[in-house]
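Student: Hey, can you piece these two chains together into the complex? The hints should help.
What follows is each chain in one-letter form.
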Amino acid sequence: MKRIGVFICWCGSNIAGTVDVEKVAEAARSMPGVVYATDYKYTCSEPGQQMIKDAIREQHLTGVVIGSCSPRMHEKTFRKTVESAGLNPYLLEVANLREHCSWVHPREEATTRKAIDLVRAAVAKVARNHPLHQGHIPVEKRALVIGGGIAGIQAALDIAESGYETVLVEREPSIGGRMAQLDKTFPTLDCSACILTPKMVDVSRHDKVTLLTYSEVEKVEGYIGNFTVTVRRKAAYVDHSKCTGCGLCMEKCPAKKIPSEFEMSLGRRTAIYRPFPQAVPNKPVIDREHCLKFKTGKCGVCAHFCPRGAIDYEQQDQRVTLHVGAIVVATGYDLFDPALYSEYGYGRYPDVITGLHFERLVNSSGPTGGHIVRPSDHKEPKNVVFIQCVGSRDEAKGVSYCSKICCMYTAKHAILLAEHVPGAHPYVFYMDVRTAGKGYEEFYKRATEEFGATYIRGRVSKVYPRGDKLVVRGEDTLLGKPVEIEADLVVLANAVVARHDAAEVARSVGFSYDGHHFFTEAHPKLAPVETNTAGVFLAGVCQGPKDIPETVAQASAAAAKVVALFSKDQMATNPMTAQVDPACCAGCMLCEPVCPYHAIRPETIQERVGGKAISRQVASVNEGLCQGCGACTAACRTGCIDLKGYTHQQILAEVEALCL
Amino acid sequence: MSIRAAAAGSQTAEAEEVLGPAEARRQAHQASQPAAAGAPAPQAWEPLIVAFCCNWCSYAGADLAGTSRLGYPPNVRVIRVPCSGRVNPLFIVKAFQSGADGVLVAGCHPGDCHYSTGNYFTRRRFLLFRRLLEFIGVEPGRFHARWISGSEGPKFAQVMTEITQEVRRLGPNRMLRDARDVQ
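For the protein sequence lines, the chains are Y and E, in the order given. For the first sequence, counting from 1, position 392 maps to 373 in my numbering; every step adds exactly one. Position in the second sequence (first residue = 1) + 382 = my numbering.
Rather than coming from a laboratory, the hints here were simulated on the basis of the structure. Heads up, the beta-carbon is just placed ideally off N, CA and C, and yes, glycines get one too. Be aware that one or more of the hints could be misleading.
Which bits of chain E does chain Y cover? Going by a derived footprint, with three or more residues having C-beta under 8 Å, they are [said to hold, decoys possible]: (1) 463 to 469; (2) 479 to 486; (3) 497 to 505; (4) 523 to 529; (5) 544 to 551.
A few chain E residues that don't get close to chain Y, going by computed Cβ distances all over 10 Å [as the list claims (entries may be wrong)]: (6) 444; (7) 459; (8) 472; (9) 476; (10) 510; (11) 514; (12) 557.
Cβ-to-Cβ under 7 Å is the rule here; a few derived chain E residues that face chain Y [what the hints assert, rightly or not]: (13) 447; (14) 451; (15) 453; (16) 454; (17) 456; (18) 460; (19) 494; (20) 516; (21) 517; (22) 519; (23) 533.
Pulled out of the complex, with its shape left as it was, chain E reads as follows (with noise of 0.2 Å):
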């Protein structure tokens, strides 16, 4: 444990008497970011990852992650869609644009499509659309496509754990934002 982290953890012990854990977490995690000289302490980052998931399958799963109480971190903003099939590539690229950390399309299992059909063009969309990403300078581990049933509550929360871990790991997506944001 380093020094910095140490010292945090034992601010955090005596703080939380005083204000409640979820307070003196944030308040210690604020603390533990390196500040700018002189300037206001910015906002510590965190990873922003949409989530475009199809009503049948995928959202059911959140939904079932929901009622299971299974956490997960809350980096994560899902997008209904009636079906992965109707998620446009486009769609992808205007979510990296607008500041999107992390792209995760989810649909049923392959076979279980409700549309029967839909989630194999989802595969063979992205699988493509993937490497274009990568060509063009996007790292690969920011977008993924999964495939999780309305009966897979845990796997849900488990993907969005490591999704979420691995974009952190990444840090900032600079690649596609619109030139306005990049400062």
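The following block holds chain Y by itself, in its conformation from the complex (with noise of 0.2 Å):
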């Protein structure tokens, strides 16, 4: 016969201030198998904690429910008590008090009365629990961390200076990402380059580090600990292994005014090209779309001047396996269209462009050698103005959150323009100014009084042509008066928003997203980190807008849990697998092609039946590869594969208390 223990938590008012918690304890004492209940102000604190202990061994318990947040939140916490006190943590169940009942229902009998069926379906379910064992598997020591920005270099070099193998894998012909287009960074003004090319120099010379540019990861399989990914490597048409990098072959391209993606089309590049000077590895690839080689069959230039012969026309997309135990993603952001804001002409006015059309106008690599020129006449622009929350903060036609990073960089923006030319004024339109950051708000400050930016609060209506300058039309909010600009140069700051295709690597490697297609990391406060699937972490902006050094700290975290993963030889798995009955499995297979894991096999058994002994095939199941999804469970006609800790019995268990 069970011995059930119920504790009913409070959660400070959480839950007591609407479910009558001392009457579910009440009505917990007549339920069958409960010889204890109890109710207390915080379950989940050190004394609390405790008086589970005390009375899981005084009471002799041999199953244990408690009443209080979800289990997503402290299950984890509650099986520790538990397993401390001597019981099999898997005794253990968590109904839902808070999240589930106390915080979506008012203080009324109806809350107090579904809690009671929450804790009695608790009751029912914990009575049929079986002490479970977690089993354990190697973990592979190698990490994958997909996407070369800062946020993919940073996690890969601590991951690689803790000792261990990382694949660095990033689609474009060189790492560097984001930051690397960028000039100048916030609040310091430390040049982007200076601070990230080294970092890109490190993690590519790293003996640790395996780097995969101008390659994409096509399929994730297996698990935490042991992932099997397939990285395509795309033909960049020029042996690696061969090219010193000279750059004659660029030199010599005659395809010359191919828009650069690096430099936002405000610059040209050629057919075989690096995207920019600094890349790593600085090694061209052949932009098969434009190459006259393949376009036309007629060129081959490059081939002809390549001091080394590395010129291949003929190589073909390759595919590599890998084996690693965890997989970073820092796949990073894209920005918003802002022609979706037509009043603003961007697209129709050349002078209208983004900021990070303006990073690259201002960077000395760039493609003005840092001189800031309108792209239409390529004079020098005295008043410019800056919009700001192009998409941002914008339910009607952009996003809904804040890119957190323009108010920032506008601001910059400001200053260098402030500095690299003499006698111009920055204007800025604005929503907030907001500058939650070390420094950030002094950084702002200056802008305004040491650069003399003029900073408008209220939206931009239209920008038009007037000669060669463009009107921009606004009102400003303070002073609820109509404002007009006449300027040289309009600066949007677009949105952050997810990548285009964030959705399918998502599904690729297999974890969620959020409605704005930011992945979604396991806990918004407590495991920012990580995400739903074990073994995959997250970093930089592909999980939401930040600026570098959140970005930063973000990727050394995940590397960190990286490195916590691998510092096991081996890992406790989760014990919640599916289990064939071989006396009632009849062999149909049926469950086989169900599960996704591959876990099922056919397995053949020796039996005797009527003193004869006959071989028979049933289903079994690796519990090794078993994620405990219990797909095989409803697919199995005889009803004998079941999921331990969701068993038939238990739910339905569940079923029959909730109906009471």
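Tutor: Here is the structure:
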């Protein structure tokens, strides 16, 4: 006979404010199998946990029910508590009285009744729990980092520095990411390249890091500690083992007028190219779409001039299979298309540009050599209008969230403009100036006080040309007056958005993403770098808008999680796996195709039937592969596959208990 | 507004002063229920809805509804399952037999299953099962399969509200209930 103890948590006033906890504990006392029930202010606190341990020992409990917050929150905590009192950790059930009851219902009798029902279901379930024991699987101590921006570089460096092999996959021909495109960084005005490029070189030279640029992750299979990853290495048509990066091919390439993606189309590149001069690896790839050899068959100049014979037009995409134990996803972000705000004229007027265009214009290795000029006539602009929140905080036309970095980089742009162009005047149209961060408010103050940026609170209604100028019309909401500025250049701070293919990445790796396609962390506060898929971690803007310091911090955090995982030789597995009862299994194998992990295989067993030895086929579950989804249990015609921890008996008992 | 409702309204206002809002509402609610002659007033029928929620999306969505304090009727009781694909149609029959008035199976959006493919099985299985239930006389409005992700707290609250309303309109479930319960 089970001896069940029930502990109802007040959670301060979070549960007790709405649910009559004493009444719930009282009702629990009369539930079948319950020998002890009580309520306590904070069950998860040290004295609360001690109370549970004492009760287990004193009352000789064989099952524990805790009515508290969501099991997704504290189930692990309480399992440890129960275990330390000598009880199997899986003889515990948590009734969700907070998220599913007290927080969503008013203080009335029906809410307390629901709480009692939820506890009754948990009691009915725990009465049918069996002790479960974790298995152990080996951990492949090699990490995969997807994305070679600052987040990926930092994570790869940290993991490699801890002594573990790391594979860094980047889909562009060079690592560096968005940060490589930036000129200076706020609030210190450090040159972005000066702090990034040494890291790029470090990561490429590290003996523990394998760099796979111009490559994409195609498929991820397996589970924590044992992922099998297929990476497609795109054909570069240049044999990088022969290439020395001399650059002669790029000099000679006749297709010179291709808009450079890295330069935001403000500059041109050749068909055989590296994205930027400091690229790592500093070796070119051929852009097949624009290459005359591929388009017309008549060129081959690069092959002719290459002193090493590294050009190989016959090269094919290659698929590489990697075995890794953990994955860090750091795929970065895209920018909102400001052409959706047709009133700003982006795409119509060449002198309406975005913040990232401005970064390239002001960068000394950029297309203009660091001279800020108008894209239309290459004249130096005097009046420059910066428009904030283009897409951000606009549910109607853009995205609901704040992109977080635009206020700061616009202040930076205002300072850089004033520094580069004597007599220039920056104007900033803003909704709110958000400068939370160390030294950020001071930086913004400098932009206004020292560099004379004029901040106008209000939205711009229209941008239109007058002569060679652009008229920016808006409203100063603090003065309540319309304003009109004749600008030479308009810079839009367009929103940070998820990568256009973020959802595909999430699906191929196997974790979730939010409504904006940013990747979802396991817990917004307490597990900000983990995903819901064990062994997969997040770093950088792919998880949500953030600036460089935060990105680096998150990347190091993700690396720390990976290193912690690798510090053990074996990893405990989830014991809640499927189990076949061979006695009643008919061996139909309908369960086999529904299993997403290929964990079910036919097995031949020997039996004696009526004195005769026969061999018979039954299904068998590989517990190392089984992730405990239970798909097979619902597919089984004879009902002889069960899921440990969520057995038919347990769920049916819960249903009955709820419907009393 | 009917005369009875108006009367109940004025009573509520009076009673609220004495009893406090929650208690007054409960009493007014009981008073407004038609009582059988001679017998003590039976407890007002409240629909009971059992929701099977997958651990990774819909259960998390329910948690998010909680952390966001998005209210929905207390008629819903959630049972946590690892995946919507774990839900055997038998569980649903059992719920109806045991006295549930409505059943919901909720999982991740197709394509987002934590276990890759579990909810595709759910989708096909319950499309058929719903028709079977209809065939044997259970109103289709009593059984729902929905996709609610972990970030859709508002959707969870909304779906619970809608289903509760729908089941309330259908009235108590009598079709599959155990004979011993049906009087």
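Student: Each hint: holds or not?
Tutor: Here is how each hint holds up against the structure:
1. 463 to 469: As far as the segment 463 to 469 of chain E goes, the hint holds, because 6 residues have Cβ atoms under 8 Å from chain Y.
2. 479 to 486: Since 3 is at least three, the answer is holds.
3. 497 to 505: Check passed, 5 qualifying residues.
4. 523 to 529: With 0 residues closer than 8 Å to chain Y, the segment 523 to 529 of chain E misses the three-residue bar; violated.
5. 544 to 551: violated (count 0)
6. 444: violated (6 Å)
7. 459: violated (5 Å)
8. 472: violated (8 Å)
9. 476: violated (5 Å)
10. 510: holds (13 Å)
11. 514: holds (15 Å)
12. 557: holds (14 Å)
13. 447: holds (6 Å)
14. 451: At 6 Å from the nearest chain Y Cβ, residue 451/E passes the 7 Å test, so the hint holds.
15. 453: With Cβ-Cβ at 5 Å, under 7 Å, it holds.
16. 454: holds (6 Å)
17. 456: Holds: closest Cβ of chain Y sits about 4 Å from residue 456/E, inside 7 Å.
18. 460: holds (5 Å)
19. 494: With a closest approach of 6 Å, the residue 494/E hint holds.
20. 516: violated (21 Å)
21. 517: Given a least distance of 20 Å, the restraint on residue 517/E is violated.
22. 519: Check failed: Cβ of residue 519/E comes no nearer than 19 Å to chain Y, outside 7 Å.
23. 533: holds (5 Å)
Of the hints listed earlier, those the structure fails to meet are numbers 4, 5, 6, 7, 8, 9, 20, 21 and 22, in rising order.
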